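The chain contents come next:
Protein chains: 2
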Amino acid sequence: MITRRILLTATALSSLLPRHAPAQTATAPTAAAAPELLVEKKVFEFANYRTRGGANLATGRIGYQTAGTLNAAGDNAVLIEHFFTGNSHAFGRYAAGEAPGYWDAIIGPGKPIDTNRFFVVASDCLANLNARDARTTTTGPASVNPATGRPYGMDFPVVSIRDFVEVQKLLLESLGVKKLALVAGGSMGALQTVEWAAAYPDWVERAMPAIGTGEIDAWLLGWLDIWEAPIRMDPNWRNGDYYAQGRQPPLQGLTEALRIVTLHSRDRGWAREFGRRPAEGQDPTRRIGDRFAVEQWLEDAAAARARVSDANSFLYLTRANQLFLNEYDGTEAALSRSRARWLVLPSAKDRVFPVEYAQEMTDTLRRLNQPVEMVELKGPQGHLEGVVDIAQASDAIRAFLAR
Amino acid sequence: MITRRILLTATALSSLLPRHAPAQTATAPTAAAAPELLVEKKVFEFANYRTRGGANLATGRIGYQTAGTLNAAGDNAVLIEHFFTGNSHAFGRYAAGEAPGYWDAIIGPGKPIDTNRFFVVASDCLANLNARDARTTTTGPASVNPATGRPYGMDFPVVSIRDFVEVQKLLLESLGVKKLALVAGGSMGALQTVEWAAAYPDWVERAMPAIGTGEIDAWLLGWLDIWEAPIRMDPNWRNGDYYAQGRQPPLQGLTEALRIVTLHSRDRGWAREFGRRPAEGQDPTRRIGDRFAVEQWLEDAAAARARVSDANSFLYLTRANQLFLNEYDGTEAALSRSRARWLVLPSAKDRVFPVEYAQEMTDTLRRLNQPVEMVELKGPQGHLEGVVDIAQASDAIRAFLAR
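Chains as they are written, first to last, in our numbering: chain A, 77 to 479; chain B, 77 to 479.
Any given hint could be a false lead.
Result set (SDA-like, lysine to any residue): computed pairs, CA atoms no more than 25 Å apart in a straight line [claimed, not checked]:
no., chain 1, residue 1, chain 2, residue 2
1, B, Lys454, A, Asp293
2, B, Lys245, A, Thr361
3, B, Lys454, A, Leu114
4, A, Lys454, B, Arg427
5, A, Lys454, B, Glu432
6, A, Lys245, A, Lys454
7, A, Lys245, A, Gly225
8, B, Lys255, B, Ser470
I should point out that these hints are in silico values taken from the structure, not numbers from a laboratory.
Note that the structure is predicted; figures quoted are calculated from it, not measured.
Using the sequences and the hints given, assemble the complete structure.
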């Protein structure tokens, strides 16, 4: 049973933690044949960034990685944006034998997003959740505020998906990029993709939002609030002021928040392996404190995740998601600005962004006479199909990039 | 804005609190034409009940209400079972001018479940959530343990959906009922309906589970655990020992738990009226502590609900749901015992029990050659369609009861 627990935890992490996470899929035959792509984590620094909400960040940093070579025109670039719990490790390995990035099945030499053709960039976002992970670089509430010499905590300014785009643009400009042949990402990465196409239509030739939505409506605003509420409930949270020596971070609340995200991101097909088994040695039919195996697994997986995450960053990320497209008068107004070709990749059994959301975005693009194709991802993993089994869209992506 | 807030809160309650709740629907024209049905809340007492988990309840009580007259054969009875946050007030009014029960649109003289033809009984369940509401009678963790003279708290035995059925059977027997022409209920009431058909096939002529499921699989076990987790996190919960004078109940945790249930039970169509408006005077684009209107509404609605609810009862109810059909070797084994005719009423946009669950139960019944019809409820309310707009199934129910 112990062996099993460890195995399951590794599986859990593979869906949440790209850096430890081989995106093992049965449908990625090229991965074995292709040479291993090695990538290096780099850091981009910026100064005096004015947030969309009007605050000033005197200094800031985000991590990124690249593969391929930028052409002289600077127009063969691809930008990959990560999901809520992810970071810039979307493809390649930091060292031979280490786990590849979460979309490694579709990014690399000869793969659908071909690094022999494209200069591919993936960056960490501001207020990245993995603030306590050595391989994530981010400026957020856990960073030191140069004005005080202490972590920002809740004094960090509100940032939006649009802010992520702005900082990515600074990074791309610093690399000489003039145009994006493709912007792509899953989940929160899909929101960044849409925001890019609306904000900088001249830059974006193709947009590929996976497991995304064209709007964060009131129902999704509410869910994001449900996700984060346990953090605010944890007495150790202390209004975000928990970084000082001798204080404990709100690990219980953060674990509970990640438990919700973990279950919400999956579907019943994934859960089937647990059945209705009790946790080892427990009897929920007789003892109210005893649990089922799936409950214990969620707890263990989320607790492991919480140890490299920052609770305040979680709050800033949910807010950034809530502010998706908030500078436009609705989805149609935003999408009408786009001049991209679109490949929309929802997951049929997505419980976070039900497939209707992507369908409606696709319908809106069609109504606007914009070139768009939608391909539904199938499988038992719910929302996570777009991360762990993106390989199933390989042919669609190749065709999209050939046009 | 204050007027609006009150209005919205009343709407929220109408979906959760049958006793304050006119189930207002555009599709219930008979409600105005029919004479008002008055009902009386009664109390059933039982002694020395042995739970399915093997514990003994020396004494117990549940509330109930009836309408219509039992025939001499005792076989024209109908049993109505309530949902997670409900109680026995399924139909009629306690006094002229008061709000009717939550399924009043389909139960009453001349209505689809016709009280001129049937003797209709609705009962509170054990460990009912509304333990602090004067019009709910229930034995649960907030009740006084006769062995100690103090509330049970977490010493109350685990009870299951099957236990609810057993106590209902005692009640029905005390009333002279020999057979049920119909067992029906929504959500948790649907689970009780299925459990009845499996446990006492000789009793159940027709079964009508609305917004239900044929199984609580690992994914749903996990969700029920997500629902209740905020209660366990609240420092005022104290392992369930909060009833003593001078102690505060875990209202914050209970409110958060009810916030999850409230949003999960609805769908994006319901949420549309809020749009992306901030709460009054707030600016979530600039202040991390500020909120959107939908978040504030969820908080207000859930807090109102929490004031008449008991946190420990919530924990016992989630466990009861988790133990659905736990005495059988799976759904097919349970359903194969049934000799009922079935009308299955899922909601197309149910986010609690996605429609696939009811579809699979229906498929299983068909495979078992059992007579079953499935009619999908449509509308913007998600799971709650089966409570607030059950009237749309009126014709299907009439036809079902005519067979």
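Checked hints:
1. Restraint check: the Cα-Cα separation between Lys454(B) and Asp293(A) comes to about 20 Å, which is no more than 25 Å; the hinted pair holds.
2. Restraint check for Lys245(B) and Thr361(A): the C-alpha separation of about 21 Å stays at or below 25 Å, so the hint holds.
3. Of the pairs offered as hints, the one joining Lys454(B) and Leu114(A) is violated, with about 52 Å between alpha carbons and a cut-off of 25 Å exceeded.
4. Note on Lys454(A) and Arg427(B): the hinted pairing holds, with a Cα-Cα distance of about 19 Å set against a maximum of 25 Å.
5. Of the pairs offered as hints, the one joining Lys454(A) and Glu432(B) holds, with about 15 Å between alpha carbons and a cut-off of 25 Å not exceeded.
6. Between the alpha carbons of Lys245(A) and Lys454(A) the distance comes to roughly 33 Å, so the proposed pair goes past 25 Å and is violated.
7. Taken as a hint, the Lys245(A) and Gly225(A) pair is broken in the structure, with Cα atoms around 28 Å apart against an allowance of 25 Å.
8. For the proposed pair Lys255(B) and Ser470(B), the alpha carbon gap of about 23 Å is at most 25 Å, so the pair holds.
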